Amino acid sequence: MTSHDTYRERLLDLAYGELGRRDARALRAHLEGCAECRAELARMTATRSAMSALPPEPAPERGEAVLLAAAREAARERRPKPFLPSWVWGASVGAVGVAAVALLAVRLAGTVRSPVSQPEGSELVSRSAQAGEAKAAAPAAEPAPSAAATPAPPPAVAGKVTAAPAKPVPEPGGEAGLRDEVEGERRREPSGAATDAGPLGLKERPDRKPAPMKRKAAPPPGGGDEADLIGGAVGAPHRPDQPDGYSRSAGRGSAGGAAKKDALSANGAPAAARSEAPPAAEPEPSVSAPSEFARPPPPAARASEGGEAPGLEHEQDAAAAQEKREAPAPLPRAGEAKGRVARSATEDAIARHERLRAAGKLHTATASFRDCPGEASRQVERDDEGRVVKVTRRGTVDGTPFEAEQFYGEDGLLGAVRYRAAGAVRELHLGGPGAAAAGGVPAFALEPRHAADATLDAPPRCGG
Amino acid sequence: MLRFKAGDARAFEVLVRRHRTPVFSFLVRLTGDRARAEDLCQETFLKVVKASASWEERARFTTWLFAIARNLAVDEARRMAFRRAEPLEPADPGERRRADPAAEDPPPDRAAESALIRPKLEAALQALPPEQREVFLLREYGGLRFAEIAEVTGTPENTVKSRMRYALEALRAELTARGIGPETALPTPRSAVP
Numbered sequence: 001m002t003s004h005d006t007y008r009e010r011l012l013d014l015a016y017g018e019l020g021r022r023d024a025r026a027l028r029a030h031l032e033g034c035a036e037c038r039a040e041l042a043r044m045t046a047t048r049s050a051m052s053a054l055p056p057e058p059a060p061e062r063g064e065a066v067l068l069a070a071a072r073e074a075a076r077e078r079r080p081k082p083f084l085p086s087w088v089w090g091a092s093v094g095a096v097g098v099a100a101v102a103l104l105a106v107r108l109a110g111t112v113r114s115p116v117s118q119p120e121g122s123e124l125v126s127r128s129a130q131a132g133e134a135k136a137a138a139p140a141a142e143p144a145p146s147a148a149a150t151p152a153p154p155p156a157v158a159g160k161v162t163a164a165p166a167k168p169v170p171e172p173g174g175e176a177g178l179r180d181e182v183e184g185e186r187r188r189e190p191s192g193a194a195t196d197a198g199p200l201g202l203k204e205r206p207d208r209k210p211a212p213m214k215r216k217a218a219p220p221p222g223g224g225d226e227a228d229l230i231g232g233a234v235g236a237p238h239r240p241d242q243p244d245g246y247s248r249s250a251g252r253g254s255a256g257g258a259a260k261k262d263a264l265s266a267n268g269a270p271a272a273a274r275s276e277a278p279p280a281a282e283p284e285p286s287v288s289a290p291s292e293f294a295r296p297p298p299p300a301a302r303a304s305e306g307g308e309a310p311g312l313e314h315e316q317d318a319a320a321a322q323e324k325r326e327a328p329a330p331l332p333r334a335g336e337a338k339g340r341v342a343r344s345a346t347e348d349a350i351a352r353h354e355r356l357r358a359a360g361k362l363h364t365a366t367a368s369f370r371d372c373p374g375e376a377s378r379q380v381e382r383d384d385e386g387r388v389v390k391v392t393r394r395g396t397v398d399g400t401p402f403e404a405e406q407f408y409g410e411d412g413l414l415g416a417v418r419y420r421a422a423g424a425v426r427e428l429h430l431g432g433p434g435a436a437a438a439g440g441v442p443a444f445a446l447e448p449r450h451a452a453d454a455t456l457d458a459p460p461r462c463g464g
Numbered sequence: 001m002l003r004f005k006a007g008d009a010r011a012f013e014v015l016v017r018r019h020r021t022p023v024f025s026f027l028v029r030l031t032g033d034r035a036r037a038e039d040l041c042q043e044t045f046l047k048v049v050k051a052s053a054s055w056e057e058r059a060r061f062t063t064w065l066f067a068i069a070r071n072l073a074v075d076e077a078r079r080m081a082f083r084r085a086e087p088l089e090p091a092d093p094g095e096r097r098r099a100d101p102a103a104e105d106p107p108p109d110r111a112a113e114s115a116l117i118r119p120k121l122e123a124a125l126q127a128l129p130p131e132q133r134e135v136f137l138l139r140e141y142g143g144l145r146f147a148e149i150a151e152v153t154g155t156p157e158n159t160v161k162s163r164m165r166y167a168l169e170a171l172r173a174e175l176t177a178r179g180i181g182p183e184t185a186l187p188t189p190r191s192a193v194p
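Keeping their order, the protein sequence lines are chains A and B.
For the first sequence, this note's numbering gives the first residue as 1, with consecutive numbering after it.
For the second sequence, this note's numbering gives the first residue as 1, with consecutive numbering after it.
Hints are computed from structural coordinates only; laboratory data are not their basis.
A quick note: this is a predicted structure, and the numbers were derived from the prediction, not measured.
Note that the Cβ used here is the ideal one computed from N, Cα and C, for glycine as well.
Accuracy of the hints is not assured; some may be wrong.
[What the hints assert, rightly or not] Covered by chain A, per the in silico footprint, the following chain B stretches (three or more residues, Cβ under 8 Å):
id	region
1	8-19
2	22-33
3	65-77
4	121-129
5	138-144
6	154-168
[Said to hold, decoys possible] Pulled a few chain A residues facing chain B out of the computed Cβ check, cut under 10 Å:
id	residue
7	Ala15
8	Ala422
9	Glu447
[As the list claims (entries may be wrong)] Simulated coverage check for chain A against chain B, where a stretch passes if three residues somewhere in it have a Cβ under 8 Å from a Cβ of chain B:
id	region
10	39-48
11	58-71
With these hints in hand, go ahead and build the complete structure from the sequences.
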């Protein structure tokens, strides 16, 4: 039997609805005959009722924006990271860099080389245009590999090549093929075998077998067989006697002998050169970047997205850009790498950003500006020493949203700009030969030139 | 909260919009200082942001949130008490009443009552001892159950309920003294001693 005191103890629970149904029923039955408990419950209820006239205090609005900004920042850091570690991305970028440098070398070869190479050089010019066409056609075939679970890095050269056989491209020339040939050229020079294969090996290209084994002769650690697998997957069987993989693009158009290339690979010289490509860069078959906004696609791909053929100027810019990015690639390079880095020493702002980002040495801060269409928001990334490395500016120009990524170099000057608007991406490297051809990057995206003027508290550029 | 933990910033926006006013109300009435409450409220939600990465669904989010707010307020009150070397509440309730103009006002006429009743309610709330006030506020404005309040305050549930009873009785006495409430005629069965 429950006592009066026990019931009285439960009055509070009853008043606040925390009493179980059975206990509540028993207590109500007690209340019928207990005036003291009834009175106490009535007092509780009346007091609560009186105090309920006190309305909630609305929280002031002014702190909310700060909270939401902090939350966005935290959420951004917490979002799932890309499937592949950052060094794989970097390595992939490096791989494309190698190819882009090759293009640059080809172009230079076309203008500087001896008269013997002159015809090839001119041929290259036309082939460069073909490369652009081939790129424009590429997306039709590339979604298949990129639909795989791995969000593969956009610039993986080998992946592009392996995807190629799936598409019926009669044109034997393609950018990848061109790159491969230039790679061959660059490798032959130190080996002294250039005279065997001709200046650039262009004439042999249509006859090459689609042997996919770029790394077969000298497989880099941990990834050698993967290239074979890719080759097999696309129906290009690996031939152990043809370890040279540079002719894979030629395999799209026609199968043929690869005698010259075989000779090239047999002389052993390319072995070291092949290890240029970081191990994880090649095997990824899904090349076409699934998210262009998250990662810049290779310049050629961007050009094709934008519906324009990659002109030589553009290619040259891209080449310079890519060779910048390969600078922090983990694998040691041959002596030529030094030359490339030195040549592009003024253009490594993107590479600098990549390197610092991969090392986790960037500190990000964001500001937003009201009623400022030209710069609705600004994100500033600084290194450990507080120097501005990158500024990402978002806004609208003539009603069109844009994003301008401005990369600053060690010297504190604007080194590169990546500009996105209306689905197109443009990249401009300042100080290089292609700087004059802004290629769709508006002038306002080239300001400020100095990192010191690009701090978070710098006045917004609302006028575009 | 789980969505925010997974990187969805909009989920936090929903949390802020839903809980900021209750937390702010709790803090304003707990501290009696609007500016402090504003700072504490900001700090509470920034702590939520910071701690969200390691948040686990062991308790209701509301309970966790009010625990953060309450602990911040208590810590700050301790720091202030140490700095000023004086108690948070005036020792003499009579002195407090004298300092409260609303307490000595003549009874308002019906038209002015609604405008004047709120300061009196606030004053009655502020007259509560802090430990009773926090229990009352957590129950009435935070919507926490007594067991959750026990968790937040680190106090046994029975103690929480006792404080709540005392708080209600003390409030009733305060309101009666200020001429509020239809229950003024009701006798007080026992004194409100925590």
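Do the hints match the structure? See the list:
no.: 1; hint: 8-19; verdict: holds (count 5)
no.: 2; hint: 22-33; verdict: holds (count 6)
no.: 3; hint: 65-77; verdict: violated (count 0)
no.: 4; hint: 121-129; verdict: holds (count 4)
no.: 5; hint: 138-144; verdict: holds (count 3)
no.: 6; hint: 154-168; verdict: holds (count 4)
no.: 7; hint: Ala15; verdict: holds (8 Å)
no.: 8; hint: Ala422; verdict: violated (26 Å)
no.: 9; hint: Glu447; verdict: violated (30 Å)
no.: 10; hint: 39-48; verdict: holds (count 8)
no.: 11; hint: 58-71; verdict: holds (count 10)
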